[in-house]
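There are 4 protein chains.
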Amino acid sequence: MKMDVPALQDFLTRVFPQVADDFEVITMTNSLAKIKLKISEKHLRPGGTVSGPSMFGLADVSAYLLILAQVGPKALAVTTNCSIDFMRKPVSECDLIAECRLLKLGKSLAVTDCLLYSEGDVAPVARASLTYSLPPF
Amino acid sequence: MKMDVPALQDFLTRVFPQVADDFEVITMTNSLAKIKLKISEKHLRPGGTVSGPSMFGLADVSAYLLILAQVGPKALAVTTNCSIDFMRKPVSECDLIAECRLLKLGKSLAVTDCLLYSEGDVAPVARASLTYSLPPF
Amino acid sequence: MKMDVPALQDFLTRVFPQVADDFEVITMTNSLAKIKLKISEKHLRPGGTVSGPSMFGLADVSAYLLILAQVGPKALAVTTNCSIDFMRKPVSECDLIAECRLLKLGKSLAVTDCLLYSEGDVAPVARASLTYSLPPF
Amino acid sequence: MKMDVPALQDFLTRVFPQVADDFEVITMTNSLAKIKLKISEKHLRPGGTVSGPSMFGLADVSAYLLILAQVGPKALAVTTNCSIDFMRKPVSECDLIAECRLLKLGKSLAVTDCLLYSEGDVAPVARASLTYSLPPF
Numbered sequence: 000m001k002m003d004v005p006a007l008q009d010f011l012t013r014v015f016p017q018v019a020d021d022f023e024v025i026t027m028t029n030s031l032a033k034i035k036l037k038i039s040e041k042h043l044r045p046g047g048t049v050s051g052p053s054m055f056g057l058a059d060v061s062a063y064l065l066i067l068a069q070v071g072p073k074a075l076a077v078t079t080n081c082s083i084d085f086m087r088k089p090v091s092e093c094d095l096i097a098e099c100r101l102l103k104l105g106k107s108l109a110v111t112d113c114l115l116y117s118e119g120d121v122a123p124v125a126r127a128s129l130t131y132s133l134p135p136f
Numbered sequence: 000m001k002m003d004v005p006a007l008q009d010f011l012t013r014v015f016p017q018v019a020d021d022f023e024v025i026t027m028t029n030s031l032a033k034i035k036l037k038i039s040e041k042h043l044r045p046g047g048t049v050s051g052p053s054m055f056g057l058a059d060v061s062a063y064l065l066i067l068a069q070v071g072p073k074a075l076a077v078t079t080n081c082s083i084d085f086m087r088k089p090v091s092e093c094d095l096i097a098e099c100r101l102l103k104l105g106k107s108l109a110v111t112d113c114l115l116y117s118e119g120d121v122a123p124v125a126r127a128s129l130t131y132s133l134p135p136f
Numbered sequence: 000m001k002m003d004v005p006a007l008q009d010f011l012t013r014v015f016p017q018v019a020d021d022f023e024v025i026t027m028t029n030s031l032a033k034i035k036l037k038i039s040e041k042h043l044r045p046g047g048t049v050s051g052p053s054m055f056g057l058a059d060v061s062a063y064l065l066i067l068a069q070v071g072p073k074a075l076a077v078t079t080n081c082s083i084d085f086m087r088k089p090v091s092e093c094d095l096i097a098e099c100r101l102l103k104l105g106k107s108l109a110v111t112d113c114l115l116y117s118e119g120d121v122a123p124v125a126r127a128s129l130t131y132s133l134p135p136f
Numbered sequence: 000m001k002m003d004v005p006a007l008q009d010f011l012t013r014v015f016p017q018v019a020d021d022f023e024v025i026t027m028t029n030s031l032a033k034i035k036l037k038i039s040e041k042h043l044r045p046g047g048t049v050s051g052p053s054m055f056g057l058a059d060v061s062a063y064l065l066i067l068a069q070v071g072p073k074a075l076a077v078t079t080n081c082s083i084d085f086m087r088k089p090v091s092e093c094d095l096i097a098e099c100r101l102l103k104l105g106k107s108l109a110v111t112d113c114l115l116y117s118e119g120d121v122a123p124v125a126r127a128s129l130t131y132s133l134p135p136f
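Protein chains in written order, with numbering that gives the first Met the number 0: chain A, 0 to 136; chain B, 0 to 136; chain C, 0 to 136; chain D, 0 to 136.
Bear in mind the hints are in silico, worked out from the structure with no lab data behind them. Hints may contain errors.
[Said to hold, decoys possible] Here are the computed lysine to any residue pairs in the SDA-like style, where the Cα-Cα straight-line distance is at most 25 Å:
hint: 1; chain 1: B; residue 1: Lys73; chain 2: C; residue 2: Ser132
hint: 2; chain 1: A; residue 1: Lys103; chain 2: D; residue 2: Leu104
hint: 3; chain 1: C; residue 1: Lys35; chain 2: C; residue 2: Asp120
hint: 4; chain 1: C; residue 1: Lys88; chain 2: D; residue 2: Val121
hint: 5; chain 1: A; residue 1: Lys41; chain 2: B; residue 2: Lys41
hint: 6; chain 1: A; residue 1: Lys41; chain 2: A; residue 2: Ser91
hint: 7; chain 1: D; residue 1: Lys35; chain 2: C; residue 2: Leu43
hint: 8; chain 1: A; residue 1: Lys103; chain 2: C; residue 2: Ser132
hint: 9; chain 1: C; residue 1: Lys103; chain 2: A; residue 2: Val90
hint: 10; chain 1: A; residue 1: Lys35; chain 2: B; residue 2: Glu40
Isolated chain A (complex conformation) (with noise of 0.2 Å):
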């Protein structure tokens, strides 16, 4: 692995400011990340539910982090396709978190699968599976 937890928090913090404190990393193996979304007012839509493009957000970042960890900071990687299934509506006001698998990281593409969960619920809320291109380096 060629980055740690504390590494990957750093770097979230360094290059994307915007949205770095949002996020939470809470386990990062060779195989699997673990990452929290910290819901606020931003995240969220009346009624209290989680918007689809902070679920969409939380996959993303979790993929990005899982392969970063594995190729280092310098990699460009960047997302070419995601296919999403929102299956549950998420509980209301709730941390979300996604587990994040590497099914493979090829020379120039990687593909992951993500389960995303309100916190401390055994039913995923959504399931994810993007592609990152990485390029030359």
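Place chains B, C and D on chain A using the hints.
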């Protein structure tokens, strides 16, 4: 069509006050919506590029308004699936336009197809297909 | 569980006689199906690789059987969406195994997640998520 | 365009002899392909409907030929992702037509968008987006 452009814009303002000002309904017909995302600081990432969640959000809102125009403001339509391909870097700090087509409006599911463009550009920056679930009403 | 392995295999034979012999239900529980695609000439492409439609078909049948096991043989479940990532070349002329999990079984939609493997291999050749529509019954 | 309709049809016959006779290239331009799947017994399911794998296969072949027409017959293009929505039941025993557009032709990835129709019908039976990886050559 059950809702025209002013009705849709008004609906957005009442129901999604946090984000309504970001979106402008340019065109709405029975089969095509053209919606603008007015880019501001919060949509950007380092280098002036538009964030992934902002592009997802534009595709999602466009599909939602296209469906609401057909079924009226009472429907609690929810996104069940989105597949999105990010194809090109958006032009720095430029507004984004979604062109969204209605492919199916069934009793319980609606399917749409969106292309996103940097305003004034001809090559799409992203494509997205979205499925909405339409609860009985 | 409303259908066990023999009931599912028998259902396939009666309802899909053209393809039933290609598939073997290895495991079926409330949340996981393990289904084998017995590779023969018709599934192959030049070089001995398994064709894309064959992999899609395996994921589709696996999700279908996993859902039928829960809702019973009367349901006219139909696939509404599939997102599939092809990640590695399958091992030449080797049977394929799908491991398919049930993520949601709602009143009108069911969502599943599949990983496909060349038998005996640990790295998945493809992943797929499928949504089925469950008509009222 | 590096390959015209006869060159593409000939390429299919040489490289994919098992399935070449199923497909007819109707139209090929720089941005649009129109490909027919000639329906026979093997593509059908009970009730005369076209199978999911057959629809997937038509979308996949259409995208492949559209890309080959641009990059020439040497390219080892492989499908990396497909998202497909099944929207309507195909007309019983009727040929299927794919209309496939090229959205991006990059150095390493190509993105396409397909609509599938029962021949003579105006409402699409399915939509699909496919990404191909183009290895360096």
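Here is what the structure says about each hint:
no.: 1; hint: Lys73/B / Ser132/C; result: 23 Å, holds
no.: 2; hint: Lys103/A / Leu104/D; result: 23 Å, holds
no.: 3; hint: Lys35/C / Asp120/C; result: 13 Å, holds
no.: 4; hint: Lys88/C / Val121/D; result: 37 Å, violated
no.: 5; hint: Lys41/A / Lys41/B; result: 11 Å, holds
no.: 6; hint: Lys41/A / Ser91/A; result: 13 Å, holds
no.: 7; hint: Lys35/D / Leu43/C; result: 22 Å, holds
no.: 8; hint: Lys103/A / Ser132/C; result: 30 Å, violated
no.: 9; hint: Lys103/C / Val90/A; result: 16 Å, holds
no.: 10; hint: Lys35/A / Glu40/B; result: 24 Å, holds
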